[in-house]
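Top line first, the protein sequences correspond to chains A and B.
Heads up: the first sequence runs through residues 1 to 335, numbered per our numbering.
Heads up: the second sequence runs through residues 1 to 335, numbered per our numbering.
The reader is advised that the hints may include incorrect statements.
For identical chains, the list gives no copy identity; a pair is met inside one copy or between any two copies.
Keeping only pairs whose Cα atoms sit at most 20 Å apart, straight-line, the calculated DMTMM-like set for lysine to aspartate or glutamate is [stated by the list, open to error]:
#	residue 1	residue 2
1	203	278
2	282	202
3	241	229
4	236	313
5	101	5
6	282	201
7	203	288
8	282	197
9	143	57
10	230	216
11	241	167
12	38	240
13	310	42
Note that these hints are calculated values from the structure, not bench results.
Number of protein chains: 2
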Amino acid sequence: LTKSDVVKIVLENRQSEPSEFGEAFAPANIALAKYWGKRDEELNLPRTSSLSVSLGEYGSYTKISQNGNGDSYTLNGQAVATDSTFARRLGLYLDLFRPAKDFFFRVETVNSIPTAAGLASSASGFAALAFALNDFFQWHLDKTAISILARLGSGSACRSVYNGFVEWQAGIEESGMDSFALPLPHTWPDLCLGLIEISSEEKPVSSRAGMKRTVETSVLYKSWPEKTEKDLERLKTAIEKKDFELLGQTAESNALAMHATMIAAWPPLLYWLPKSLETIHKIHRLRDDGLPVYFTMDAGANIKLLFEVKDMDDVRCQFENIKIIRPFDRPGEKV
Amino acid sequence: LTKSDVVKIVLENRQSEPSEFGEAFAPANIALAKYWGKRDEELNLPRTSSLSVSLGEYGSYTKISQNGNGDSYTLNGQAVATDSTFARRLGLYLDLFRPAKDFFFRVETVNSIPTAAGLASSASGFAALAFALNDFFQWHLDKTAISILARLGSGSACRSVYNGFVEWQAGIEESGMDSFALPLPHTWPDLCLGLIEISSEEKPVSSRAGMKRTVETSVLYKSWPEKTEKDLERLKTAIEKKDFELLGQTAESNALAMHATMIAAWPPLLYWLPKSLETIHKIHRLRDDGLPVYFTMDAGANIKLLFEVKDMDDVRCQFENIKIIRPFDRPGEKV
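This is chain A alone, in the form it adopts within the complex (with noise of 0.2 Å):
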């Protein structure tokens, strides 16, 4: 099956008829449980499932409006180069979504997460352009549609469709239509992310590719489903009894497991730089001295810390430049 064929079962026979324009917001998300595999590379079906904390008012917002001639791209209020690789991949995605070829797409994006956290901007920015198209179009789908869409964007773009913890179903289909994201029924207003970048350089080897080198070539990966089908359960345990010390011991191992499947692939996929390793062992250090602190990391160099609210300064004293974010202290919102 291809993208077209999905949007076509997904949209089932609703006409796509513009608006004036169409406009969303969608959280960023980092992954507890990682999303690192795939079963079908064109549909981005995972081989296991996920799971992730969105990050509320931190995210991407994208309005969409039909343009004259050819598509145009802001981000960030900037134009951006049309031959440039983010240009192309939303041309790409666009083109599934075109009521007639000589039709063209204006997509304004503003990303509101911090640029110096080094976090990735694709699953929010798929989710928000997913959501946009569903206001621009007037499809009226509901989230689980807009999940699927979203994941054939950017794979776990599909989990940025929630606030709160989102677990994302792996599915067995062939055609995904069983893979898409759900909401966890918790909230957890202590807990506290700590955004720190090491590096604000572009990634030596895409998510993408070192997903795919490390099916194909990681001997290790042939244990990482088992691994991360374990760590699922274990933070499901942890969310709902509000363990921190299991989220936390679970989200590090799964993140180093992730990396461990990476680094016994060939070419060897190396995604940490020194000053990675060296804050890694600093915060074993201080886990040593008592302080309750673990991390989190994708395929890139960057660290994301977990903590709860009352180790918030003593965590802030550690690390300089930290970005801290509080997933859920938004008063009165809804998961």
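Starting from the known structure of chain A, fit chain B onto it as the hints suggest.
Chain B only, in chain A's frame:
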């Protein structure tokens, strides 16, 4: 079975008749396919076979004689404190061979391994000791028996019984009588090793403890036996065909996969220091630039380069304080 049971089997009905002194030299060895994980903690029986290259003149020379009152050990001419880890480990090993409870040993060991090289000396040390005991007690054991006795002191010591390329066959017997080293019938005069010391500090977790923690807690370890079996076959092909790229890739990939299993253990085992990672990235950059240099690492922070003699000057240029060893460059010596 205990170590003592195995010693009885190995010695059969031989008497231990002390001569004036016994002495022997055994080379250090560097594994290209690692020994990582035991199936028997007491007897140092491995889960997988492993393959190493011995370092020729770099190793341990040991002289053993009877001592009047209590054991006495010297290392490189210095007395060894009786309450040190080293002395306790040596004493427990010697307990296996005392002809009477009040029989004591004087053990003098000289390591010719460059101290700044960050190489473990327990392998050459226990191999030299097993040979020296054989000489001292006039047992006339063959090398297979010596290899088994050396293993009881330190697993990898069983490989230091031979020069050149050596395979430690894991074996399947409970007694471990089929778990010993054998030499491979190939030399590789152009092969060079480069020792790079990253840290001279004692490692935070011993190899023995690290191995145990990995086997017990790292889900990715489940794929390690398959990885090592594949790598062993590749290494044998590489050695037979003098395919340096295959040798280098396989050895590096095996070492990285071993570290990957540790990184995925809990608590995480991170022997790498920032400087290790910096050096690894440098090696990868040099390789991208066309210099065929690979590396291996043991359970520690130090790095051992693999390259061919034609690239020796280029390699030396790039790494300060590198110690270069040519394991096969000893004219007239048989493997």
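Evaluated hints:
no., hint, result
1, 203 - 278, "both (19 Å within a copy, 16 Å between copies)"
2, 282 - 202, "between (25 Å within a copy, 18 Å between copies)"
3, 241 - 229, "within (19 Å within a copy, 42 Å between copies)"
4, 236 - 313, "neither (28 Å within a copy, 56 Å between copies)"
5, 101 - 5, "within (17 Å within a copy, 82 Å between copies)"
6, 282 - 201, "between (23 Å within a copy, 18 Å between copies)"
7, 203 - 288, "between (31 Å within a copy, 16 Å between copies)"
8, 282 - 197, "within (15 Å within a copy, 22 Å between copies)"
9, 143 - 57, "within (19 Å within a copy, 70 Å between copies)"
10, 230 - 216, "between (23 Å within a copy, 15 Å between copies)"
11, 241 - 167, "within (17 Å within a copy, 50 Å between copies)"
12, 38 - 240, "neither (28 Å within a copy, 37 Å between copies)"
13, 310 - 42, "neither (44 Å within a copy, 46 Å between copies)"
Going down the numbered hints, you'll see the structure goes against 4, 12 and 13, while the others check out.
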